[in-house]
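Asker: Its first residue numbered 1, the first sequence is counted upward by one per residue in UniProt numbering.
Incorrect hints may have been included.
Unchecked claim - Simulated crosslink set (DSS-like; lysine-lysine; CA at most 27 Å straight-line):
{"#": "1", "residue 1": "K88", "residue 2": "K113"}
{"#": "2", "residue 1": "K88", "residue 2": "K42"}
{"#": "3", "residue 1": "K105", "residue 2": "K66"}
{"#": "4", "residue 1": "K84", "residue 2": "K42"}
{"#": "5", "residue 1": "K88", "residue 2": "K51"}
{"#": "6", "residue 1": "K88", "residue 2": "K66"}
{"#": "7", "residue 1": "K51", "residue 2": "K13"}
{"#": "8", "residue 1": "K14", "residue 2": "K51"}
{"#": "9", "residue 1": "K88", "residue 2": "K114"}
{"#": "10", "residue 1": "K66", "residue 2": "K113"}
{"#": "11", "residue 1": "K114", "residue 2": "K84"}
{"#": "12", "residue 1": "K105", "residue 2": "K51"}
{"#": "13", "residue 1": "K88", "residue 2": "K105"}
{"#": "14", "residue 1": "K51", "residue 2": "K66"}
{"#": "15", "residue 1": "K114", "residue 2": "K66"}
{"#": "16", "residue 1": "K105", "residue 2": "K14"}
{"#": "17", "residue 1": "K66", "residue 2": "K14"}
{"#": "18", "residue 1": "K66", "residue 2": "K84"}
{"#": "19", "residue 1": "K105", "residue 2": "K84"}
{"#": "20", "residue 1": "K105", "residue 2": "K13"}
{"#": "21", "residue 1": "K42", "residue 2": "K13"}
What the hints assert, rightly or not - Distance ranges between label pairs, derived from CB positions:
{"#": "22", "residue 1": "P5", "residue 2": "Q72", "range": "30 to 40 Å"}
{"#": "23", "residue 1": "N69", "residue 2": "K113", "range": "17 to 27 Å"}
{"#": "24", "residue 1": "K84", "residue 2": "Q23", "range": "31 to 41 Å"}
In case anyone wonders, no lab produced these hints; they're calculated from the structure. Idealized CB from N, CA, C, for every residue including glycine.
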Amino acid sequence: MVRAPYFDENGTKKGAWSEEEDQMLIAHIQRHGHANWRQLPKVAGLTRCGKSCRLRWMNYLRPNLKRGNYTQNEEEMIMELHTKHGNKWSLIAESLPGRSDNEIKNYWHSHLKKFSRRNETKLTQEIEMTKTLESSFSIKANSSSISSSHVESNMDLYRIEDDVHFWETWDGFSNNFWTEPFVYDNTFSQDYFPISYCALELEDPYFIC
DNA sequence: AAATTTTACAACCGCTTCTTA
DNA sequence: CTAAGAAGCGGTTGTAAAATT
1 MVRAPYFDEN
11 GTKKGAWSEE
21 EDQMLIAHIQ
31 RHGHANWRQL
41 PKVAGLTRCG
51 KSCRLRWMNY
61 LRPNLKRGNY
71 TQNEEEMIME
81 LHTKHGNKWS
91 LIAESLPGRS
101 DNEIKNYWHS
111 HLKKFSRRNE
121 TKLTQEIEMT
131 KTLESSFSIK
141 ANSSSISSSH
151 VESNMDLYRI
161 EDDVHFWETW
171 DGFSNNFWTE
181 PFVYDNTFSQ
191 DYFPISYCAL
201 ELEDPYFIC
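The whole structure should be built from the sequences, with the hints applied where relevant.
Answerer: Structure (structure tokens):
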């Protein structure tokens, strides 16, 4: 899942770490610490750059690192902290013992991003676009098809009053959370609701998304 | 069953911030 | 105060594995 090992023009090794390299890095840090990352690879006998060693240690080899298996509580914390701090991954990682900033960032992008309230701006823009399209094509709201009222009623699930925190009204991740269709994404994200669907709807009044 | 697409995540790169002389 | 070097951070990439067609 990672780049194949190779050497750059300076003879520095890049790409995936081998088991042997991992053991050399662990052994060196356990014995001497990591006061100077730049010097570390030379002293440890590694042909990596210091930056690469630091990254490997911080994100993969250091003790007490958890790997995968995010708990519901951790997911909620990440969502909440991201709403609060934005992409300050190191700041977020401080609140999640055993998780690296890189891992949280990856987890966010692959699992949680789509549920972020920070996407609400984009969502609002999409709703406005839908309204614009509807008015320009004189579409009448129809209960069997997508309409702005339909959009807004679902938006209510995700819009919060300024003084009410999202997480106070959100019922959390249910056991089947990841397998259940998600109204927001499946219906309103531009990725899933292309403009062409509106054209289909115009042509076919019984069209169901 | 094979081909294609999507997902997940380790690792890289470049920029910023911090430290020290 | 300033410059240089080191460390840290966050965006992005590459690719194996999984899912889908």
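Asker: Each hint should be assessed against the structure and marked as holding or not.
Answerer: Evaluated hints:
no., hint, in the structure
1, K88 with K113, "holds (14 Å)"
2, K88 with K42, "violated (32 Å)"
3, K105 with K66, "holds (14 Å)"
4, K84 with K42, "violated (41 Å)"
5, K88 with K51, "holds (20 Å)"
6, K88 with K66, "holds (20 Å)"
7, K51 with K13, "holds (12 Å)"
8, K14 with K51, "holds (11 Å)"
9, K88 with K114, "holds (18 Å)"
10, K66 with K113, "holds (21 Å)"
11, K114 with K84, "holds (16 Å)"
12, K105 with K51, "holds (19 Å)"
13, K88 with K105, "holds (9 Å)"
14, K51 with K66, "holds (22 Å)"
15, K114 with K66, "holds (24 Å)"
16, K105 with K14, "holds (22 Å)"
17, K66 with K14, "holds (25 Å)"
18, K66 with K84, "holds (24 Å)"
19, K105 with K84, "holds (15 Å)"
20, K105 with K13, "holds (25 Å)"
21, K42 with K13, "holds (12 Å)"
22, P5 with Q72: 30 to 40 Å, "holds (37 Å)"
23, N69 with K113: 17 to 27 Å, "holds (19 Å)"
24, K84 with Q23: 31 to 41 Å, "holds (39 Å)"
Figure legend: structure checked against the earlier numbered hints; hints not met, in rising order: 2, 4.
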